[in-house]
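Protein chains: 6
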Amino acid sequence: PKYLATQEIIRRTEIPGVAIGLAWTPVGGEILFVEATRMPGSKGFITTGSVGKVMQESAQAALSYVRSHAVELGIDPDIFEKSDIHLHVPAGAQPKDGPSAGVTIATALVSLLTGRLVRHDVGMTGEITLRGQVLPVGGIKEKVLAAHRAGLKTVILPKDNEGDLEDLSEEIRQAIDFVLVETVDEVLQHALEQAVAEPASSPAS
Amino acid sequence: PKYLATQEIIRRTEIPGVAIGLAWTPVGGEILFVEATRMPGSKGFITTGSVGKVMQESAQAALSYVRSHAVELGIDPDIFEKSDIHLHVPAGAQPKDGPSAGVTIATALVSLLTGRLVRHDVGMTGEITLRGQVLPVGGIKEKVLAAHRAGLKTVILPKDNEGDLEDLSEEIRQAIDFVLVETVDEVLQHALEQAVAEPASSPAS
Amino acid sequence: PKYLATQEIIRRTEIPGVAIGLAWTPVGGEILFVEATRMPGSKGFITTGSVGKVMQESAQAALSYVRSHAVELGIDPDIFEKSDIHLHVPAGAQPKDGPSAGVTIATALVSLLTGRLVRHDVGMTGEITLRGQVLPVGGIKEKVLAAHRAGLKTVILPKDNEGDLEDLSEEIRQAIDFVLVETVDEVLQHALEQAVAEPASSPAS
Amino acid sequence: PKYLATQEIIRRTEIPGVAIGLAWTPVGGEILFVEATRMPGSKGFITTGSVGKVMQESAQAALSYVRSHAVELGIDPDIFEKSDIHLHVPAGAQPKDGPSAGVTIATALVSLLTGRLVRHDVGMTGEITLRGQVLPVGGIKEKVLAAHRAGLKTVILPKDNEGDLEDLSEEIRQAIDFVLVETVDEVLQHALEQAVAEPASSPAS
Amino acid sequence: PKYLATQEIIRRTEIPGVAIGLAWTPVGGEILFVEATRMPGSKGFITTGSVGKVMQESAQAALSYVRSHAVELGIDPDIFEKSDIHLHVPAGAQPKDGPSAGVTIATALVSLLTGRLVRHDVGMTGEITLRGQVLPVGGIKEKVLAAHRAGLKTVILPKDNEGDLEDLSEEIRQAIDFVLVETVDEVLQHALEQAVAEPASSPAS
Amino acid sequence: PKYLATQEIIRRTEIPGVAIGLAWTPVGGEILFVEATRMPGSKGFITTGSVGKVMQESAQAALSYVRSHAVELGIDPDIFEKSDIHLHVPAGAQPKDGPSAGVTIATALVSLLTGRLVRHDVGMTGEITLRGQVLPVGGIKEKVLAAHRAGLKTVILPKDNEGDLEDLSEEIRQAIDFVLVETVDEVLQHALEQAVAEPASSPAS
Ligand SMILES: [Ca+2]
Ligand SMILES: [Ca+2]
Ligand SMILES: [Ca+2]
Ligand SMILES: [Ca+2]
Ligand SMILES: [Ca+2]
Ligand SMILES: [Ca+2]
Ligand SMILES: [Ca+2]
Ligand SMILES: [Ca+2]
Ligand SMILES: [Ca+2]
Ligand SMILES: [Ca+2]
Ligand SMILES: [Ca+2]
Ligand SMILES: [Ca+2]
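Residue numbers (this note's numbering), protein chains in the order written: chain B, 1 to 205; chain Y, 206 to 410; chain V, 411 to 615; chain G, 616 to 820; chain W, 821 to 1025; chain C, 1026 to 1230.
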């Protein structure tokens, strides 16, 4: 795992549409950036970044959640008809899979489409259901350690993973602010800035 | 198999479009949630959740049943033309296959499109034919035990599986209310609440 | 092979669009139900039920025969433009293949689109050509025995399979009424009821 | 190889759109029927009958030849825009491949679209180029013997296969009328009847 | 390798849209005919003749070159919108691959769309770039020998293959007129006749 | 690795839409030309040149970056709706993969669509994110040596690869002008000429 400086993380997330996920790898946890962008188009959706089948389905579930709850989320419901959305997860050559980026993908999409930035010191992990509930995932200890190494201040986790926090040292538990969530709505409350960087209905983000 | 608390099950099913299925796995029965959501679109249909080919065909059969019987089911027949429907079966990383979720998928779809909630204490299993008949399936004993562990009160089964109930203990047979069905109509009668949470023709569910 | 009661067969075929085929399996003959349904749409055609490539092509040939002979068959020729047709062959998990369901598929399609029921005591087997001729198939002895076990009264066979009837016992030859055919037209004459259950141009079958 | 009676061959070819090809198999030559049908549609083209990749490409070349020469061939050039064409080669379960059915496919298509019947006593073999030239093929001896066994009177062959006729017995050479061709036009001159069974612009063939 | 008579080559190339390529095979060089035809349609493009992935991509590059330079090449730029183009390389059963037919494909396409015939005594080889430059290829010696055996008078080669001419005998070098090129424009200057056989905007070529 | 003369490189890049990338191969570094062309069409995008999956995704990311930032980049945002874009990387038979051509692909696309030439003495390497940031890549030493051999004067590298420059000899470090970048904008500033060879909204480039 490579250690990214805080300044680099700020730089990577200074545009709406980028959220910080926490991933498990055989050699430890890592942070990854889920990037979403929007182009004039018509309901296209592509996912790139050596993303496996389960993670692609997770992205489809996140998109369907956002599309079917557009109004509540403050998103113009007509925007999908006239947009193509591209989701990319660098580094492009590194294979990635699993459902645990669900909350991160949903957050990146909502950030993109509302223009609200994602907080640059928040990492997150959790599977989402199609209806916006957050399910538990594995690798919590390694993911939290990676968030800490990267200088993140807050980690959003599924409520059903609460028990995994016992495996962490007292030091880490003090340093990180844990947010235990049951729904995507709670994730968005804690992950998104209030300020709108760019309105969602502008010609191109 | 993980034991889900009743409260969790209530939370998972408190929106129309979610039905509780019973699945057989090599390590015992399990309950699973079939989730359906609808977005403005045009007749799109995707199925996610590591769903195998037989289960995907089962979902297509369930959808065709619902589409071709929309009027009798109280569904606006024009809704399909202007909707994309997404069916998801968490957990996303767990492979699932087989035809026995047919009744559950049909129930989730009718719930979604009528706005009638699925009862949170009802589990079900059964293959469906394209014309709405219910065919017998395997693994009844393990599935009923899983329903019981999860605190479900009612289990809907194919009438042709009646003989499998003999394999269950007297205790289980007392605790569970079995509904033996020959058609999807009978499934819906017993699985759906009467109250409509949300009308089917609202902009987005 | 499972033995289906006559009452069950009547129940399965009491709607237009379902025809009874005879299949050969390594453990003996079987009857199967070919189900067709129609939805508002535009020329879509899907085949489900773990159907192999040869049987899928057979379904396409049957559909092309019906589409190109719609007028003679009493079918509104515009119906295809505004319909999606789904063909399903339960049980969904059982692999099926080969061209011998050609006549059964054609019969199910014509039944669906004319509203004429298929007789519930008629089983059939035979490959069809694109132009409506009926070609010989294998497994006749096992298929006829399966029809007899299921209580069917009539079996429709390709004329070129006439020689295979010698392999049957005198008892079976007495019990079953054999119809030897050269064309799909002859199949339909013997398999379809005259009464129309539902007109072909109704909104949804 | 199965021996088909002349009466059967007449029956199979008594509708426009069916031409008799000669095929080589490991156990000897065979005749096969290439069937084409047309339905209201829009430029669709499907090929069924367990047809391999080379034979499918051969069918595409034949169709492109016919489409790009429609006027000279007496075919309404607008017919393709409003038709779906289905090409089928029974028996459906028997794998077929290779380019040598090119002339037969072209003949079936022209017969279908002009309404001119194919002569029931003519068999043919030959690869076609996209521009309508006829290239030599293999298995001539076996193919001619199969034509003779089936009672065919005329065999159409590529001119470049002339040398292969030396391998045939004097008896066969007397019995069969060989037509050596360089172009598809020559094939059509010898294979098609003059009489039009059905005009090409009728609603459905 | 089969030896084709000059008369056969003339016959094969006497229509616009056919160009002579030089191919390398394990048993020596060969000439091959790249055939292009055009049908009323809308931007369709198919490639047949057992053509491998690299050669298919080469055909796409040639087509893109022609489409993006239509005006300079004397081609009606609107013709692609209303045409389907089919590229075929007989013999259909012989696998072909590699990028060296790029110049031949481009020449066949320009011939087809301008109506200018390709000279029947010119063979060619060379990879093309998307912007119309010609890159060196392998097998020059074998390819030139095949051209010579077939009676061709001129061979067009990439300039960067000039060094390979040293491997040829003095006799061959005298007999063949070599044209060393850097661009597709130079290829077309030497390969196409001036006379237009058929205007590009005629209903069908 | 083949050594290309400076004159050849100038010739290859003298049209807008071609940029020089640096690639790592098992036998050393190489320069490669990324070529982009545009045709009248509608949002089509194809990538050819034996390009692997990761590199294809990299091309999609580059295109999405350009589409979503069209206005800032001086590109008519409507151009994508009415264009098909083809990206080709000769030599066509040589397999290529990996994300490091991201900056080169983005540069070729911007050059094509603005009409600004790419400088013929600049080589580049770097993965890009969807939002236009440049990530580090491998093989820097070999890539720089290849650039030097080819006579390039400037090499554009990711800022995060700065440390890799220590591996180079003093001679190379003197000879090459290194540009360390964090964003695609910086790449374009250094790689593109100011002069516009051809306006982006002309009928075809
Ligand atoms: Ca919970
Ligand atoms: Ca804390
Ligand atoms: Ca029953
Ligand atoms: Ca009970
Ligand atoms: Ca017969
Ligand atoms: Ca009888
Ligand atoms: Ca010849
Ligand atoms: Ca003779
Ligand atoms: Ca050169
Ligand atoms: Ca010379
Ligand atoms: Ca950095
Ligand atoms: Ca320097």
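Think of the hints as simulated: they come from the structure by calculation, not from any bench. Be a bit skeptical, because a hint or two may be false.
On the chain Y side, residues computed to face chain B include the following (Cβ under 10 Å) [as the list claims (entries may be wrong)]:
no.: 1; residue: Thr-211
no.: 2; residue: Glu-213
no.: 3; residue: Arg-216
no.: 4; residue: Ile-220
no.: 5; residue: Phe-238
no.: 6; residue: Glu-240
no.: 7; residue: Pro-245
no.: 8; residue: Gly-257
no.: 9; residue: Ala-298
no.: 10; residue: Gln-379
no.: 11; residue: Ala-380
no.: 12; residue: Val-384
If you're wondering where the values come from, they're calculated on a predicted model, not measured in any experiment. Even for Gly, the Cβ is constructed at its ideal location relative to N, Cα and C.
Do the hints match the structure? See the list:
no.	hint	result
1	Thr-211	violated, 15 Å
2	Glu-213	holds, 8 Å
3	Arg-216	holds, 7 Å
4	Ile-220	holds, 5 Å
5	Phe-238	holds, 7 Å
6	Glu-240	holds, 4 Å
7	Pro-245	holds, 7 Å
8	Gly-257	violated, 12 Å
9	Ala-298	holds, 5 Å
10	Gln-379	violated, 32 Å
11	Ala-380	violated, 26 Å
12	Val-384	violated, 25 Å
Consistency with the previously given hints fails for numbers 1, 8, 10, 11 and 12, ordered from lowest to highest.
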